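2 protein chains.
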Amino acid sequence: MSNAYVLGLDFGTNSARALIVDPADGREIATAVANYPSGQAGILLHPKDPNLARQNPADWLKAMTRCTRAAITAAKKAGEFAPEQIVGIGIDATASTPLPVDAEGRPLSEHEKFAGDLNAMAWLWKDHTAHAEAQEITEAARRHHPEYLAKCGGTYSSEWFWSKALHCLRVAPQVFEAAAAWVEQSDFLPATLTGNTKPATWKRNICAAGHKAMYHADWSLPDAAFLATLDPRLGDVRRHKTYQSAFPSSERAGGLSAHWAKKLDLQAGTPVAVGAIDAHLGAVGAGIKCGSLVKILGTSSCDMMIHPNTQPLADIPGLCGIVDGSIVPGYFGMEAGQSAVGDIFNWFVNHFDKGQRAHEPLAAEAAKLKPGQSGLLALDWNNGNRCVLVDPRLSGLLVGQTLHTSRAEVYRALIEGSAFGARVIIERFEEYGVPVAEVINCGGIAEKSPLVMQIYADITGRPMRLSRSAQTCALGAAIFGAVVAGPEAGGYETVTEAQAKMTGLKAKVDQPNPEARETYDALFALYRQLHDAFGTADSHGSLANVMKDLLALRDKVRGIGR
Amino acid sequence: MSNAYVLGLDFGTNSARALIVDPADGREIATAVANYPSGQAGILLHPKDPNLARQNPADWLKAMTRCTRAAITAAKKAGEFAPEQIVGIGIDATASTPLPVDAEGRPLSEHEKFAGDLNAMAWLWKDHTAHAEAQEITEAARRHHPEYLAKCGGTYSSEWFWSKALHCLRVAPQVFEAAAAWVEQSDFLPATLTGNTKPATWKRNICAAGHKAMYHADWSLPDAAFLATLDPRLGDVRRHKTYQSAFPSSERAGGLSAHWAKKLDLQAGTPVAVGAIDAHLGAVGAGIKCGSLVKILGTSSCDMMIHPNTQPLADIPGLCGIVDGSIVPGYFGMEAGQSAVGDIFNWFVNHFDKGQRAHEPLAAEAAKLKPGQSGLLALDWNNGNRCVLVDPRLSGLLVGQTLHTSRAEVYRALIEGSAFGARVIIERFEEYGVPVAEVINCGGIAEKSPLVMQIYADITGRPMRLSRSAQTCALGAAIFGAVVAGPEAGGYETVTEAQAKMTGLKAKVDQPNPEARETYDALFALYRQLHDAFGTADSHGSLANVMKDLLALRDKVRGIGR
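Protein chains in written order, with the numbering used here: chain A, 1 to 562; chain B, 1 to 562.
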């Protein structure tokens, strides 16, 4: 029983996962998942407002306890293992998922006064209620602080920290005022585990700060005076309820508290890393390197790239952020992605394939179709567009239906639409000097759907590779657990060293089929035409109003929004 | 047993119907339907080419025999009736549904040599294989004979006579050359029933001639020299294989032949009216009058209007024809319509509601939604656009999908899209001085779907009325049976007299709901925006290429078309 192990804790959209890893070789000796108990698959919805998506912070702690203990039990069963061999803990979570906390760092949702109040819950990344505020922030920053936007793609998103805080201020001032601090899920969890009850002293992570809150080493968070122009109370949040500095996950947040050590059956004092965003640690767990785009393919996609911080890098419009050190220290971390991928396929199967509600039969039918054969083309904006348009007020589109169009044809068109969206992102990276030689895929869809992988290869023209680990986010978290443990405890000095030992790729590679190229190039040109017509206001004869007007009408009829 | 009765024979897309009517009051004493036995619901399809839709002429005769005999049997059972009381027969059929026949007027499909050859069958109205030829004819007519197009909306359709003959000439020259005549289904059937074996002497109907073949009293069919510019052999068709004059259905085609009298259990010599298009006789059976648009709502829609031929009437662009006397003698008959209505609803239910395949549950859900509530908008072009764009190379479009969009929401959006298409037609009529005060609906959908009727009322802003008869086409045919029988035999001198006695409306009226108006006006403006962007090449920043390029790619991949 001399081995050291590290624990990665991954907080996804619907569940938490614990992964126990041997840092020597990345061997995953045990894992367990626990679903969040509340709402619909862990998400608190509003019956009338499809933009709303909240989460109960208590769910995170319950699920963490269950999955960690289950993983430990499994590890014990699997062989020679004792929980005290765990020498470091890394944590990732979704973002931007901010929540209001009290002066002791407890979520306001735990207060009797706010019981059941959706605005006192965590505002899940996919909550788009703050779309109007995102526009306001974007416009104000364009006028007064364009540098704030330069590193986050040119547009501030409704998914992000300040939009949500500003929206809360307006729709739930009593919650807003009661908050002693606004914190990210990825900061709340390490702070809670380390028993830190002073939010002002929490080590906030640079990943969420830089990608979601316009934090930059040159200026910290945006200026309080600037935020005060949006609302004086937002300036107060900046002054008193946030932070001045942010840190990479290679730093310790602290040691595991006695309370949580007991609950989780671990050793008190075990080093806990500063948190990070799930997709970013997924990129680390997939072995991200220059030239390899790591794609986390789940309900949505996150596309991660790195670029040496010693080399110049342009501001890339439409990206979700370029942050020094947000993925691997010494590199700019870049995040792009699509607001819905698996969510679209699931939506279709759940709503339009009532008899079966299964992907496999549809995928088998769809695999028989040739590119272009259906005459269909889809835009992949059912949940808005995160990159490169950064516009949540876009929606899905399907064109080309005849009276013979089949379910399998639509299903394939949705996959193709998603792949065209992926290609737009790759082309944007390359246009700005970041070559994409291959794509390393992680996540359930990459594992389970060879059809999706082949279509992505054919449409993007890039080989599709698969991360060796099926749970790269948790593995990435474990890697940072190894780094905060340090070499003396069986861990590593640097992330790069840890990656070299602990990550790998599967042998299978989906290569682009050259026969599909001509047709898919032609279809992509049509996709771009629709993309620009519906997505950009400056194309001539633009239809950019159409989706927005439809959503505005819908919201008016439903009586939602401001 | 002193009463006279008349028989209406209605040949629809999937079945034939016989209706026995008392001309004194329009009472329908018996009816029967017989499905066409071949293909898919009577339609011969091509596994690869969704544009192709043919029909076996033998099916018509088989179905006619079955339904006529069944109606007679039912009439006998219902009361005092003997078949010899039937004093006149009227006939309607789909159009343009041309077929090649031999020198005796027999379909070439009956010849051993062409057994199973789809090109020797009847080319069903919804066959769109001739879309390239339609463009050629349109372009040639625009240059040399714009008057040919002026009365048929400005564009010659792929659904129509000359497009199909020209396409046949190219893809099946052996069939083309073997034809002694090209005839419409609505001419073939009366000729067959009257035992006329000389196609050159058949009384061709002005309805199909004027609406589908550019026939006009001023010039007859298009000039042979003009047609020869498209192909010399098409000029030959004009010279030797068609006709010089066309007639209204108030004229007799002849008397029932002994052969068919025996087969149908009727009296030889019974007057048979010249044929007409089903929708046009449907308008007559619905009691069409000035200001009332008669809408035949079935798989597609036909929208019929009349206007006194003593008053000036502009050429209306985008209409399917303005023909003097094609509906009621003394009036210009005008035809408009949508290429797919019920077909779209059925397509959705059959393909995307696998569990139930029924309209009622979806309609019940959809009825609970408010206008605008779904955020969806659909173009109704799954089978192309017949009016006012006259373009078969258009396709369906759905925009506004989110991850929450339900089947019922899509179903309602498809109905709304269809109603917006109906409103475009109404606005076109009014723009050119033909007021539309109300809509008289006929057909299965009008009978069965109050949801469709209410949405049509709300979106068009017109009261929706229902024809009293559930089978107005057959009733219209029976009315012409009464006219060719004449007053001495218990019939009538004029169509108007017959209509006054034999037609009526139901009491129920769907009035437009004023609360829906604002939202639907806003949605209609967005529909128009998409309509013009995808449908018209001259809008700036047009997307008019998109649907066509998708269809061209599809056809290339499938290896269909020229």
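The set of hints was computed from the structure by calculation and includes no laboratory data.
Predicted model only: the values in this text are computed from it and were never measured.
Just so you know, not all the hints are guaranteed correct.
Because identical chains cannot be distinguished in the list, a pair is counted as satisfied if it fits within a single copy or across any two copies.
[Unchecked claim] Straight-line C-alpha distance at most 16 Å; calculated EDC-like pairs for lysine to aspartate or glutamate:
#, residue 1, residue 2
1, 370, 49
2, 76, 430
3, 198, 104
4, 77, 430
5, 508, 488
6, 370, 223
7, 198, 112
8, 508, 236
9, 556, 518
10, 368, 104
11, 62, 139
How the hints compare with the structure:
1. 370 with 49: Answer is between: at 15 Å across copies they meet the 16 Å cutoff, but 39 Å inside does not.
2. 76 with 430: So residue 76 and residue 430 fail the 16 Å test inside a copy (47 Å) and across (81 Å) alike.
3. 198 with 104: within (6 Å within a copy, 100 Å between copies)
4. 77 with 430: Neither: 48 Å inside a chain and 81 Å across chains, both beyond 16 Å.
5. 508 with 488: neither (36 Å within a copy, 87 Å between copies)
6. 370 with 223: neither (54 Å within a copy, 45 Å between copies)
7. 198 with 112: This pair counts as neither: shortest intra-copy Cα distance 21 Å, inter-copy 93 Å.
8. 508 with 236: neither (53 Å within a copy, 64 Å between copies)
9. 556 with 518: This pair counts as between: shortest inter-copy Cα distance 12 Å, intra-copy 44 Å.
10. 368 with 104: Result: close neither inside a copy nor across copies, 58 Å intra and 47 Å inter.
11. 62 with 139: Cα proximity of residue 62 and residue 139: none, with 40 Å in one copy and 72 Å across.
Hint violations for this structure: numbers 2, 4, 5, 6, 7, 8, 10 and 11, all remaining hints satisfied.
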